[in-house]
Amino acid sequence: KAGVTQTPRYLIKTRGQQVTLSCSPISGHRSVSWYQQTPGQGLQFLFEYFSETQRNKGNFPGRFSGRQFSNSRSEMNVSTLELGDSALYLCASSETGRASGANVLTFGAGSRLTVL
Amino acid sequence: AQSVTQLGSHVSVSEGALVLLRCNYSSSVPPYLFWYVQYPNQGLQLLLKYTSAATLVKGINGFEAEFKKSETSFHLTKPSAHMSDAAEYFCAVSRFSGGYNKLIFGAGTRLAVHP
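Heads up: the protein sequence lines correspond to chains A and B, in order.
Position in the first sequence (first residue = 1) + 894 = the working numbering.
By the working numbering, the letter at position 97 of the second sequence is numbered 80, and the numbering carries on one by one without gaps.
It is worth saying that the hints were derived from the structure and are not from the lab.
You may find that some hints are simply not true.
[Said to hold, decoys possible] Calculated lysine to any residue pairs in the SDA-like style (CA-CA distance at most 20 angstroms, straight line):
#, chain 1, residue 1, chain 2, residue 2
1, B, LYS41, A, THR1000
2, A, LYS895, B, LYS41
3, B, LYS32, A, VAL998
4, A, LYS895, B, GLN28
5, B, LYS51, B, SER9
Start from the sequences and build out the full structure, keeping to the hints where you can.
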């Protein structure tokens, strides 16, 4: 079974631009979550989608948005990029949509964004 | 609210020595706890999880962790370190509120293994 695939792996943008990151979950996984990882703030939850619906959102400004398609693939978008948006963006998928703390998240390799 | 504290941002051990990475949690309800490992330029890989079935949890690559409710701890151990264990390790608690897949991570512990 293929793992969680994130594209692109690396990208460089300049301040003010926007960026779209893509995530393909494990086949059959319907829940997709996004996390931001930075040296200063660590791993922070961005949002989670299930069946094309955003179920929860972390404490990030409205410049950060996402969506999920009917095939469970997900994209996240960051508009008007700032230097502080430089980070590793991790996508994770989960098999069930059933609400349970025991759900295991499987992570992709991440998309490393550098904002100049 | 659930939270996780990892004691020691850097741990260094010799090859063959015991590995002990500390994690304390704060939770008002029985928690679901996880340990993930991150190798350079990679995502997070699940090492093990605690879901109340057994207090001693065995994971991959020879790691195990013991859930101690009285100490609110979930420390990760490995009897004998290998060079390939050098990585960053994250303890996480699953937030169980309204039901969704949100993990709250500790700050991470970078493990160095010396020959």
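Mind listing which of the numbered hints don't hold for this structure, in increasing order? Failing hint: just 2.
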